[in-house]
Amino acid sequence: MIVGNRMTKHPATVGPEDHLDQAKAKMEAGRFRRLPVVSDGTLVGIITERDLREHIGHFNQVKVNGAMIEKPITITPGATVEEAAQILLKRQIGGLPVVEKDMLIGIITTNDIMKAFLDVMGASAPGSTRVDFILEGEEHGLTEASRIVNREGGEILGVGTYLEKIGDNPVCYLRLLSGNAEKIAKSLRSGGFDVLGVHKIGGESKV
Amino acid sequence: MSPNASAIASKKTVAKIMTRDMVTLKVNDTLRLADDIMNLAKIRHFPVMDESKVAGVVHQADLLHASMRSLIEHPKDSLRQTLGEVVVRAVMTPATTVSTSASIQDAARIMVDKNTECLLVMEAEQLVGLVTRTDLLRELAMS
Chain A
1 MIVGNRMTKH
11 PATVGPEDHL
21 DQAKAKMEAG
31 RFRRLPVVSD
41 GTLVGIITER
51 DLREHIGHFN
61 QVKVNGAMIE
71 KPITITPGAT
81 VEEAAQILLK
91 RQIGGLPVVE
101 KDMLIGIITT
111 NDIMKAFLDV
121 MGASAPGSTR
131 VDFILEGEEH
141 GLTEASRIVN
151 REGGEILGVG
161 TYLEKIGDNP
171 VCYLRLLSGN
181 AEKIAKSLRS
191 GGFDVLGVHK
201 IGGESKV
Chain B
208 MSPNASAIAS
218 KKTVAKIMTR
228 DMVTLKVNDT
238 LRLADDIMNL
248 AKIRHFPVMD
258 ESKVAGVVHQ
268 ADLLHASMRS
278 LIEHPKDSLR
288 QTLGEVVVRA
298 VMTPATTVST
308 SASIQDAARI
318 MVDKNTECLL
328 VMEAEQLVGL
338 VTRTDLLREL
348 AMS
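The listed protein sequences derive, respectively, from chains A and B.
For what it's worth, my numbering labels the leading residue of the first sequence as 1, then goes sequentially.
For what it's worth, my numbering labels the leading residue of the second sequence as 208, then goes sequentially.
Please keep in mind that the hints were generated in silico from the structure rather than gathered at the bench.
Values in this document were obtained by computation on a predicted structure and should not be read as measured data.
Where a beta carbon is used, it is the ideal one built from N, C-alpha and C, also for glycine.
Incorrect hints may have been included.
For lysine-lysine, the following DSSO-like pairs were computed, each having C-alpha atoms within a straight-line distance of at most 27 Å [to be verified]:
id: 1; chain 1: B; residue 1: K321; chain 2: A; residue 2: K26
id: 2; chain 1: A; residue 1: K24; chain 2: A; residue 2: K9
id: 3; chain 1: A; residue 1: K115; chain 2: B; residue 2: K218
id: 4; chain 1: A; residue 1: K9; chain 2: B; residue 2: K260
id: 5; chain 1: B; residue 1: K321; chain 2: B; residue 2: K223
id: 6; chain 1: A; residue 1: K26; chain 2: A; residue 2: K9
id: 7; chain 1: B; residue 1: K321; chain 2: A; residue 2: K200
id: 8; chain 1: A; residue 1: K101; chain 2: A; residue 2: K71
id: 9; chain 1: A; residue 1: K63; chain 2: A; residue 2: K26
id: 10; chain 1: B; residue 1: K321; chain 2: B; residue 2: K260
id: 11; chain 1: A; residue 1: K9; chain 2: A; residue 2: K90
id: 12; chain 1: A; residue 1: K200; chain 2: B; residue 2: K223
id: 13; chain 1: A; residue 1: K63; chain 2: A; residue 2: K115
id: 14; chain 1: B; residue 1: K233; chain 2: A; residue 2: K186
id: 15; chain 1: B; residue 1: K218; chain 2: B; residue 2: K249
id: 16; chain 1: B; residue 1: K223; chain 2: A; residue 2: K183
id: 17; chain 1: A; residue 1: K200; chain 2: B; residue 2: K218
id: 18; chain 1: B; residue 1: K249; chain 2: A; residue 2: K24
id: 19; chain 1: A; residue 1: K90; chain 2: B; residue 2: K233
id: 20; chain 1: A; residue 1: K24; chain 2: B; residue 2: K223
id: 21; chain 1: B; residue 1: K218; chain 2: A; residue 2: K90
id: 22; chain 1: B; residue 1: K260; chain 2: B; residue 2: K233
id: 23; chain 1: A; residue 1: K9; chain 2: B; residue 2: K219
id: 24; chain 1: A; residue 1: K9; chain 2: A; residue 2: K101
id: 25; chain 1: B; residue 1: K233; chain 2: A; residue 2: K115
id: 26; chain 1: A; residue 1: K101; chain 2: A; residue 2: K90
id: 27; chain 1: B; residue 1: K249; chain 2: B; residue 2: K321
id: 28; chain 1: A; residue 1: K200; chain 2: B; residue 2: K260
id: 29; chain 1: A; residue 1: K115; chain 2: B; residue 2: K260
id: 30; chain 1: A; residue 1: K101; chain 2: A; residue 2: K63
id: 31; chain 1: A; residue 1: K90; chain 2: B; residue 2: K260
id: 32; chain 1: A; residue 1: K90; chain 2: B; residue 2: K321
id: 33; chain 1: B; residue 1: K321; chain 2: A; residue 2: K115
id: 34; chain 1: A; residue 1: K9; chain 2: A; residue 2: K63
id: 35; chain 1: A; residue 1: K63; chain 2: A; residue 2: K24
id: 36; chain 1: A; residue 1: K71; chain 2: B; residue 2: K249
Simulated restraints on C-beta separations [unchecked claim]:
id: 37; chain 1: A; residue 1: R151; chain 2: B; residue 2: Q288; range: 36 to 42 Å
id: 38; chain 1: B; residue 1: V335; chain 2: A; residue 2: I87; range: 28 to 34 Å
id: 39; chain 1: B; residue 1: A331; chain 2: A; residue 2: S39; range: 27 to 33 Å
id: 40; chain 1: B; residue 1: R287; chain 2: A; residue 2: K183; range: 28 to 34 Å
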């Protein structure tokens, strides 16, 4: 696993002479937490949300080169993902610009790296599937769902919930062992559950 | 349990790595309090409680966005003043939770899919712990 295959290519960037309001607008538009600062293709710095914070109220007066981190820690495309992970953990940062001969060619973040590790683990441990569905009151609650899974001969390895939005019904996910997750999902649907998706570890999602 | 089941089930769970000692905020606490605790205690994520129930989470970035918004609306106020007038409820985001039995991989997958910074760990509908992006990245990198 090398960085070059896992990075985001052609990331959004800002110029050193741009004002901070431009940097902020780009971060907001793309939901980025950091932007590489590039001059003629060469990486000259990185600017993060935290750097913006120091200049709140003056975004239209301060230039990027007055707020950015100069000479940021970088990585090369041929480095391993494991190496990238070690650097991010040691330095307590969330992303690394990827450079080749000082030219910016990509960025790799904790999310890219976690995805890479998960894909590798998924490929070496097949046979488990995640089923996501909406939890709604007693009738479409966890107890009823596990009853259906048991009836279909499924084995539950783990359970959790997440919310898409405050006020929404929580989404429950069940980690199931066995190859008949599709059949279980079908039974959950016939039982009135709103099944959002069936995700094979490391594989494609099916909805 | 089939051999395959025990192999997967015996994998490390979030309960093994979660932080149990959490600082929580209440929905009506001000952002100034959140900011002070973040700076003093060097904590970046807080579960937000409404009475004894989890209402959401606040991350350092949420505070930044809120303070930028308020200062644009009230440019004459100081940052501390602005933070003192906004409550946590207004900026918190939905909590993503996992059970104590969730595997490291499942937790990491949820975090990647949702692009969240932390997961709250629940047991019998009670908040018992918190895992951060750094915690999970470290576990994945070491395995």
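List, from low to high, the hint numbers that the structure doesn't satisfy. Checked against the structure, the hints that fail are numbers 4, 13, 14, 15, 16, 19, 20, 23, 25, 28, 29, 31, 37, 39 and 40, while the rest are satisfied.
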